[in-house]
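Colleague: Take a look at the letters that make up each chain.
2 protein chains.
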Amino acid sequence: MGEVITMSHGSGGRLMHRLIADLFQEAFGKGDGDDAARLPAPAGPLAFSVDGFVIKPLEFPGGDVGKLAVCGTVNDLAAAGARPEWFSASFILEEGLEIDLLRRVVASMARTAREAGVKVVTGDTKVVERGAAEGLFITTSGVGPIYDGTDIRGDGARPGDFLVVTGTVADHGAAVMMARQGLELSATLQSDCAPLAGLVGAALTAGLEIHAMRDPTRGGLATTLVEIAGQSRVRIFLEEERVPLAPPVRQACDLLGLDPLYVANEGKMIVVLPPGEAGPFLEIAREHPYGRQAAVVGRVEGGEPGVVLETTVGGRRPLVMLEGDPLPRIC
Amino acid sequence: MGEVITMSHGSGGRLMHRLIADLFQEAFGKGDGDDAARLPAPAGPLAFSVDGFVIKPLEFPGGDVGKLAVCGTVNDLAAAGARPEWFSASFILEEGLEIDLLRRVVASMARTAREAGVKVVTGDTKVVERGAAEGLFITTSGVGPIYDGTDIRGDGARPGDFLVVTGTVADHGAAVMMARQGLELSATLQSDCAPLAGLVGAALTAGLEIHAMRDPTRGGLATTLVEIAGQSRVRIFLEEERVPLAPPVRQACDLLGLDPLYVANEGKMIVVLPPGEAGPFLEIAREHPYGRQAAVVGRVEGGEPGVVLETTVGGRRPLVMLEGDPLPRIC
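Chains as they are written, first to last, in my numbering: chain A, 10 to 340; chain B, 10 to 340.
Worth flagging that the hints you see were computed from the coordinates, not collected in a lab. Note that this is a predicted model, so its numbers are computed, not measured. Careful: at least some of the hints might be erroneous.
You can't tell identical chains apart in this list, so a pair holds if it fits in one copy or across any two.
[What the hints assert, rightly or not] Straight-line Cα separation of at most 20 Å, EDC-like style, residue types lysine to aspartate or glutamate; simulated pairs: (1) 39 / 313; (2) 39 / 296; (3) 39 / 107; (4) 65 / 193; (5) 39 / 164; (6) 128 / 41; (7) 39 / 218; (8) 65 / 143; (9) 128 / 107; (10) 65 / 138; (11) 128 / 35; (12) 39 / 103; (13) 65 / 109; (14) 65 / 157; (15) 39 / 124; (16) 128 / 218; (17) 128 / 138.
Please build the complete structure, drawing on both the sequences and the hints.
Modeller: Here is the structure:
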């Protein structure tokens with residue numbers, strides 16, 4: 010067993026300064042040593058978002074808490090029509106955490122940040138006693154300029170719009186739950202954890218008109234659609250057989266007794282846009298590594314706000330918000 | 010015992026939405042329901058900072074984790090010469106946390122945010138199982154415009170500058186440690202936890218030239234001065250007898266065996282500025298409720314970078330960075 014985190018790493022003193030220099034600055038670059046970062050004057054409005062990550066286990070097939078912490082906030086900013094640019098990273102470390110594990114997680118964050126084009130410019134580290142946390146919690150916040158001329162919000166869906174999902178659903182939650190149970194159904198069962206800034210940016214710089222966008226994380230596709238339907242006061246029809254679902258994920262959900270429509274994704278976007286924009290969007294998305302299986306999965310109509318699932322066998326049933334908690338600690 | 014947090018409050022489903030609406034939106038105002046907030050185009054450069062708060066106990070004389078979480082990030086932004094404006098708040102809640110306690114903490118955050126003139130515009134909530142965290146961890150990040158014409162940084166101290174502290178030291182750490190030990194030395198022993206945006210803003214809008222500024226939290230006055238001396242490559246002389254110290258805090262430090270120069274503050278600023286600016290700064294600070302006991306406590310010289318304490322009895326000794334961890338979990 011290698012070096013571990015001690016309470017002294019959180020005291021504000023010499024060990025903390027060394028941890029910051031050796032580990033965080035090594036990965037994220039050296040700032041000027043001040044508590045706040047300076048951002049140049051932006052040309053227009055900004056999006057600002059935050060997310061905390063408490064996933065168990067800290068490393069899972071397809072990612073780890075660090076990659077997830079970057080992707081989560083990148084995707085929230087992308088969903089607001091923004092280009093993620095500046096990030097903060099705040100760590101709560103448990104005494105006894107292996108520094109090698111922390112180093113891997115931080116390296117994974119830095120790698121993902123580079124891929125997404127974001128700079129981690131400010132951070133914080135706290136240490137809590139053994140037993141007071143589970144290894145490592147990360148909170149990231151991010152700021153980035155909103156693409157010119159875009160006005161994307163959860164209340165923007167309009168009757169007539171099409172509903173696109175950028176790929177298969179339920180991969181993240183299924184992979185994490187199977188890993189947590191110690192089950193291995195298939196080597197191909199992996200979290201979809203990915204930063205979608207590039208894919209979304211490509212669509213927005215191409216001038217596509219998008220009315221609403223959101224990444225379906227906790228609560229899955231169904232809960233996120235219920236949110237959008239409620240905010241936009243529209244009725245959303247989701248066609249079950251059009252929703253991309255990988256066979257091993259379907260098997261895992263069957264085994265775990267989960268409805269894949271309620272299982273979390275960490276590398277997918279729901280995009281609501283005029284019918285004429287759907288074709289061009291799919292073309293752009295499918296050229297992108299994270300959008301190859303993008304598909305139109307439904308449509309927006311007027312009427313009583315809510316979500317209706319058109320099932321594979323030709324039935325219809327309302328989808329409601331997730332009740333209870335089938336999937337704790339998956340992000 | 011009232012209602013408590015359950016795992017379902019973190020699932021992304023109906024209970025989480027209700028918690029957000031009833032508790033967080035009630036306190037911070039209702040956003041548009043999206044994952045990212047939109048900030049209007051700022052006129053100039055911004056400061057951006059983050060801080061995590063894991064203090065034990067969650068409520069202490071003079072404050073609570075919520076007030077602290079706002080003050081900590083407000084003060085980091087103020088120290089960068091910025092006016093704190095937009096905040097994120099991210100909560101990690103332990104299953105079993107009393108919702109009444111959470112409500113008090115959130116109300117305290119909202120009160121402090123109003124006082125400091127900041128808006129909490131985006132947030133996140135996660136729930137972890139009983140035993141996986143200690144009740145409640147809060148991470149705040151903040152963004153705000155840097156005051157025109159200011160250039161304040163940790164490496165800005167210059168030989169000839171004066172050193173001002175905006176009031177008594179060690180109040181926060183002493184109050185928290187005494188509370189944690191179940192000791193009550195004096196009813197007047199309280200954390201100094203306070204948002205310094207108003208005080209700093211008054212000095213900056215008056216056009217005072219400030220070279221370096223930092224809030225001496227973890228590691229206390231001594232560690233923070235060592236940081237500034239290192240960044241600015243200067244020698245700082247601190248005059249022990251000039252450092253304001255409340256008698257009950259001195260007693261508490263004696264009892265706990267702590268050097269007050271290494272004990273955390275949460276409502277004080279170290280200000281390094283040209284001698285001619287010190288008088289006007291003290292005048293402004295002393296008119297402010299959080300700066301009544303502001304005092305010049307030392308000076309900056311050239312030479313070997315470091316901090317020298319000129320003791321009350323006329324001796325001199327070097328102050329080094331905090332070693333080890335006399336004060337865990339005080340912020």
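Colleague: Now look at each hint and say whether the structure bears it out.
Modeller: Here is how each hint holds up against the structure:
{"no.": "1", "hint": "39 / 313", "in the structure": "neither (53 Å within a copy, 23 Å between copies)"}
{"no.": "2", "hint": "39 / 296", "in the structure": "neither (35 Å within a copy, 38 Å between copies)"}
{"no.": "3", "hint": "39 / 107", "in the structure": "neither (23 Å within a copy, 41 Å between copies)"}
{"no.": "4", "hint": "65 / 193", "in the structure": "within (16 Å within a copy, 40 Å between copies)"}
{"no.": "5", "hint": "39 / 164", "in the structure": "between (40 Å within a copy, 14 Å between copies)"}
{"no.": "6", "hint": "128 / 41", "in the structure": "within (14 Å within a copy, 27 Å between copies)"}
{"no.": "7", "hint": "39 / 218", "in the structure": "neither (39 Å within a copy, 27 Å between copies)"}
{"no.": "8", "hint": "65 / 143", "in the structure": "both (8 Å within a copy, 17 Å between copies)"}
{"no.": "9", "hint": "128 / 107", "in the structure": "neither (25 Å within a copy, 37 Å between copies)"}
{"no.": "10", "hint": "65 / 138", "in the structure": "both (19 Å within a copy, 11 Å between copies)"}
{"no.": "11", "hint": "128 / 35", "in the structure": "within (13 Å within a copy, 33 Å between copies)"}
{"no.": "12", "hint": "39 / 103", "in the structure": "neither (24 Å within a copy, 34 Å between copies)"}
{"no.": "13", "hint": "65 / 109", "in the structure": "within (18 Å within a copy, 28 Å between copies)"}
{"no.": "14", "hint": "65 / 157", "in the structure": "neither (38 Å within a copy, 45 Å between copies)"}
{"no.": "15", "hint": "39 / 124", "in the structure": "within (19 Å within a copy, 34 Å between copies)"}
{"no.": "16", "hint": "128 / 218", "in the structure": "neither (28 Å within a copy, 30 Å between copies)"}
{"no.": "17", "hint": "128 / 138", "in the structure": "neither (30 Å within a copy, 32 Å between copies)"}
This entry does not satisfy hints 1, 2, 3, 7, 9, 12, 14, 16, 17, going by the numbered hints stated previously.
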